[in-house]
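Protein chains: 2
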Amino acid sequence: MAKNEQFVSQIADIEADFPQWYTDVVIKTKLVDYGPVKGTMVIRPYGYAIWENIQREMDALFKAAGVENAYFPLLIPMSFMTKEAEHVEGFAPEVAVVTHAGGAKLEEPLVVRPTSETIIGHMMGKWVESWRDLPLRLNQWCNVMRWEKTTRPFLRTSEFLWQEGHSVYASAEEAERETENMLRLYENFAKDVLCMPVLTGKKTEKEKFAGAVATYGMEAMMHDGKSLQSGTTHYMGQNFAKAFNVQFTDRDGALKYGYTMSYGVSTRLIGAVIMTHGDQRGLVLPPPVAPVQAVIVPIAQKKEGVLAACRELEASLKEAGVRAAVDDSDNSPGWKFNEWEMKGVPVRIELGPRDIENGVMTVFRRDVCEKGELPLEDAPEAVKGLLAEIGANMYEKAAKRMQERVVTAETLEELLGGVNGGNFVKAGWCGCRECEDKVKTFAQATARVMADENTAQNCVVCGKPSVHTVFFARAY
Amino acid sequence: MAKNEQFVSQIADIEADFPQWYTDVVIKTKLVDYGPVKGTMVIRPYGYAIWENIQREMDALFKAAGVENAYFPLLIPMSFMTKEAEHVEGFAPEVAVVTHAGGAKLEEPLVVRPTSETIIGHMMGKWVESWRDLPLRLNQWCNVMRWEKTTRPFLRTSEFLWQEGHSVYASAEEAERETENMLRLYENFAKDVLCMPVLTGKKTEKEKFAGAVATYGMEAMMHDGKSLQSGTTHYMGQNFAKAFNVQFTDRDGALKYGYTMSYGVSTRLIGAVIMTHGDQRGLVLPPPVAPVQAVIVPIAQKKEGVLAACRELEASLKEAGVRAAVDDSDNSPGWKFNEWEMKGVPVRIELGPRDIENGVMTVFRRDVCEKGELPLEDAPEAVKGLLAEIGANMYEKAAKRMQERVVTAETLEELLGGVNGGNFVKAGWCGCRECEDKVKTFAQATARVMADENTAQNCVVCGKPSVHTVFFARAY
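Protein sequences appear in the order of chains A and B. 32 is the number that the working numbering gives to position 15 of the first sequence; each next residue is one higher, with no gaps. 342 is the number that the working numbering gives to position 325 of the second sequence; each next residue is one higher, with no gaps.
If you're looking for bench data, these hints aren't it; they were derived computationally from the structure. Quantities reported herein were computed from a predicted structural model and do not represent experimental measurements. You may find that some hints are simply not true.
The list makes no distinction among identical chains, and a pair is therefore deemed to hold if it is satisfied within one copy or across any two copies.
[As the list claims (entries may be wrong)] Straight-line Cα separation of at most 20 Å, SDA-like style, residue types lysine to any residue; simulated pairs: (1) Lys80 x Glu331; (2) Lys166 x Leu123; (3) Lys80 x Glu69; (4) Lys457 x Gly376; (5) Lys320 x Glu124; (6) Lys388 x Val377; (7) Lys225 x Phe354; (8) Lys455 x Asp30; (9) Lys319 x Lys414; (10) Lys55 x Gly376; (11) Lys166 x Pro126; (12) Lys55 x Leu123.
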């Protein structure tokens with residue numbers, strides 16, 4: 018780390034210019050950098066470490082659920098994309114196409130996967146023969162590409178990393194149940210691992226996945242009251258099974274089509290974490306995914322015994338499973354405080370000669386930006402307890418914001434006022450496309466998810482009886 | 018699993034038709050399947066689980082060495098490939114090119130990364146400013162594409178998964194040392210994790226990486242005496258630093274170019290494991306990477322208490338960190354024995370009413386195909402000990418084969434005889450390209466690595482004084 022570098026934060030005002038705040042934070046904390054090709058991002062070590070933590074936690078949940086990881090090819094024959102009519106309509110405009118390889122033009126162009134339902138459907142068609150082969154529940158962690166006009170690091174990039182789970186079942190009921198189960202898995206993950214409350218529910222026909230019977234989404238509320246879609250699960254019915262001949266001989270001897278579903282979350286989750294929890298000082302990282310959970314800053318570093326005490330504390334924390342680090346660089350303590358606050362490290366421990374003498378450590382909580390003192394003895398248990406408290410507090414704070422910022426509306430004007438004020442707006446909808454489009458043109462808001470129960474009386478646009486109660490919001 | 022399916026192994030004879038044996042094994046054990054595009058492979062769960070184990074073990078070594086993971090873009094501007102002259106010459110014929118995206122032709126074609134020296138060099142050029150930024154040691158786990166004419170699952174596929182590490186240093190000496198260190202890391206990994214002895218050494222100019230100053234390789238000997246390159250490390254000097262302006266202000270205030278190196282291993286390692294250890298019954302998996310380390314086969318499964326005892330044993334093994342599983346399918350014990358032997362599971366435990374009564378378990382070792390009996394008490398420790406023994410034995414067996422099958426030669430005829438007999442041939446070489454080419458045309462063998470010491474007297478081709486002693490072999 019640079020010696021005695023003057024710490025200049027220069028993060029834009031989070032209230033006055035949230036988009037610039039976001040850009041400043043992701044660049045200055047070295048989470049990402051821009052790639053040479055417009056719309057691409059380079060995930061730097063600090064950002065990638067967050068992704069690795071997300072992967073590890075989520076992969077454990079999948080394995081516990083009995084899902085197996087596999088790996089399917091990056092390139093998909095162009096002809097596969099057209100086998101499911103809605104699918105190609107939805108994705109064709111966004112794909113990157115390989116036309117030449119090995120020095121020659123390809124007979125058939127190959128598409129870089131925007132998502133893998135087609136190629137996985139094809140392989141499932143090969144592998145599935147009998148009811149005994151079902152269910153088949155696979156997942157892959159990989160990169161996909163979707164050519165985007167407007168891009169922002171983590172939120173929308175032409176290439177991103179994700180997991181895509183794909184399962185095939187013998188019955189619609191089982192596939193629908195898994196679609197719901199994976200939505201719950203995501204919701205619990207968002208809470209337990211990202212300390213992030215989410216709204217879940219079914220998407221409208223307009224918003225659903227191209228080729229699905231039904232899509233379910235998970236929406237998180239960002240600092241500015243806008244929504245970020247943070248995960249989706251899709252029930253495909255027999256659409257892809259029929260397109261790719263995923264058939265099985267059932268117990269009664271009849272040949273039947275399977276029922277498929279899929280589900281995915283991506284590096285966009287990192288963006289969700291940044292914008293849900295961040296503050297003016299920068300990142301505020303949820304302890305379960307923070308690359309560094311506790312940073313130890315030596316005070317009067319050159320004094321005898323200080324560094325040694327810091328390293329001893331670091332070792333004991335690591336042994337207890339805490340991701341701890343000592344910042345022993347030449348920078349001043351003040352510089353270090355600013356740097357690690359900006360980087361969102363949940364706990365900062367300051368250790369100087371006086372602390373050591375008194376058997377205490379000064380502890381700073383990043384979530385509430387408050388200092389306190391804790392005994393050095395039993396530090397590991399104390400720090401673990403503190404990390405858990407911080408995580409719970411971060412969740413409560415975000416849940417409170419979400420609660421306070423969901424308003425109802427009965428007219429378009431009220432809806433507009435609601436989203437202008439940085440809220441989600443719960444309103445009735447007659448179910449027709451024209452009214453849904455009208456909300457878009459009038460208020461630049463989209464239907465995020467439909468509520469489980471239709472409690473509204475009338476459509477917020479046309480006044481006819483409400484068929485679905487919808488959460489509308491401006492979204493990233 | 019299918020009920021009472023007649024087990025038909027039909028694996029080709031390993032001695033008479035090793036290529037067909039390999040294909041039969043990878044397909045029938047469901048490690049892989051062929052993708053719809055020629056030359057691509059689909060890694061099925063059993064194969065991917067081996068890769069996950071390899072990744073986990075190797076990533077831990079990298080992290081312990083202080084290397085940080087990051088993620089760089091898949092697509093590289095065509096112009097980047099030409100910045101390092103030798104690099105483009107070596108890789109241009111093999112790349113897949115994206116010419117269209119988002120519905121329009123791209124201004125500049127983009128290459129799917131065959132390897133990432135160029136784009137990582139570009140980003141390093143951005144990030145590195147001062148000697149304090151060095152060394153910068155990064156790695157990524159990702160997919161790459163190299164369009165190949167002949168492909169074989171794991172050994173050579175147009176898309177494969179790998180890790181590529183890239184480091185930049187302030188001095189040639191440091192970069193060269195890291196090049197050597199990573200070769201050692203690979204060698205130890207091959208031994209400890211894959212139970213596979215390897216030959217390491219410097220590659221000839223002809224065989225080195227396109228753009229490197231020097232390449233070091235790790236060669237494993239397969240069952241048939243042919244070589245499989247299993248990993249490489251490259252010292253790039255300032256080639257890529259100059260091509261991509263990776264400069265730093267040194268302590269003396271002068272602006273200097275960095276020195277880079279890179280290193281990589283891929284899913285090819287799975288092929289190495291298959292062909293090094295496999296036998297007529299199928300796979301023989303090294304315990305450290307076997308997805309299932311101990312499979313428990315119930316005998317007289319329907320008898321009271323048998324399944325329960327099996328599950329209890331499974332649980333105790335898992336708690337001790339052993340990857341254990343119970344095969345409680347409807348198939349016969351004989352079918353299960355064949356299946357799990359073919360799948361290369363290191364230990365098979367048979368548990369029936371008599372075993373349980375006597376407090377013992379029948380244990381089958383896959384490496385030597387021998388049965389024995391062990392007490393059920395302290396089963397976890399016994400099984401762990403057995404797995405370690407099996408790993409050590411597998412290594413010894415492969416090391417013995419390698420030792421016995423390295424012969425020397427003083428003439429081309431002797432060399433030909435050596436490789437025809439399934440050996441590596443150690444011989445002298447004058448260092449000239451013509452003689453190296455002649456070994457290729459005459460004996461279809463290539464220089465795998467150069468020995469550390471030149472012990473041979475004369476070049477095996479032309480008789481002039483030997484400058485390098487070389488290990489020649491036929492290779493995959």
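Against the structure, the hints:
1. Within a single copy, Lys80 and Glu331 get their C-alpha atoms only as close as 32 Å, which misses the 20 Å cut-off; across copies the closest is 17 Å, which meets it.
2. In the homo-oligomer, the alpha carbons of Lys166 and Leu123 lie at most 20 Å apart only across protomers (13 Å), although the nearest pairing inside one protomer, at 27 Å, exceeds that limit.
3. For the homomeric pair Lys80 and Glu69, the shortest alpha-carbon distances inside one copy (16 Å) and between copies (13 Å) are both at most 20 Å.
4. For a Cα distance limit of 20 Å, the shortest separation of Lys457 from Gly376 qualifies neither inside one copy, at 60 Å, nor across copies, at 72 Å.
5. Taking identical chains as interchangeable, the C-alpha atoms of Lys320 and Glu124 are never at most 20 Å apart, the minima being 71 Å within one chain and 60 Å between chains.
6. In this assembly of identical chains, Lys388 and Val377 lie within 20 Å of each other by CA distance solely inside one copy; the values are 13 Å within and 60 Å between copies.
7. In this homomeric assembly, Lys225 and Phe354 never come within 20 Å of each other (Cα to Cα): the closest approach is 45 Å inside a single copy and 48 Å across copies.
8. In this assembly of identical chains, Lys455 and Asp30 lie within 20 Å of each other by CA distance neither inside one copy nor across copies; the values are 33 Å within and 70 Å between.
9. In this homomeric assembly, Lys319 and Lys414 never come within 20 Å of each other (Cα to Cα): the closest approach is 40 Å inside a single copy and 55 Å across copies.
10. For the identical chains of this complex, Lys55 and Gly376 are neighbours neither inside a copy (53 Å) nor across copies (67 Å), given an alpha-carbon limit of 20 Å.
11. Proximity of Lys166 and Pro126 under a CA criterion of 20 Å is satisfied inter-copy only: 18 Å between copies versus 23 Å inside one chain copy.
12. In this homomeric assembly, Lys55 and Leu123 come within 20 Å of each other (Cα to Cα) only across copies, at 11 Å, whereas the closest approach inside a single copy is 26 Å.
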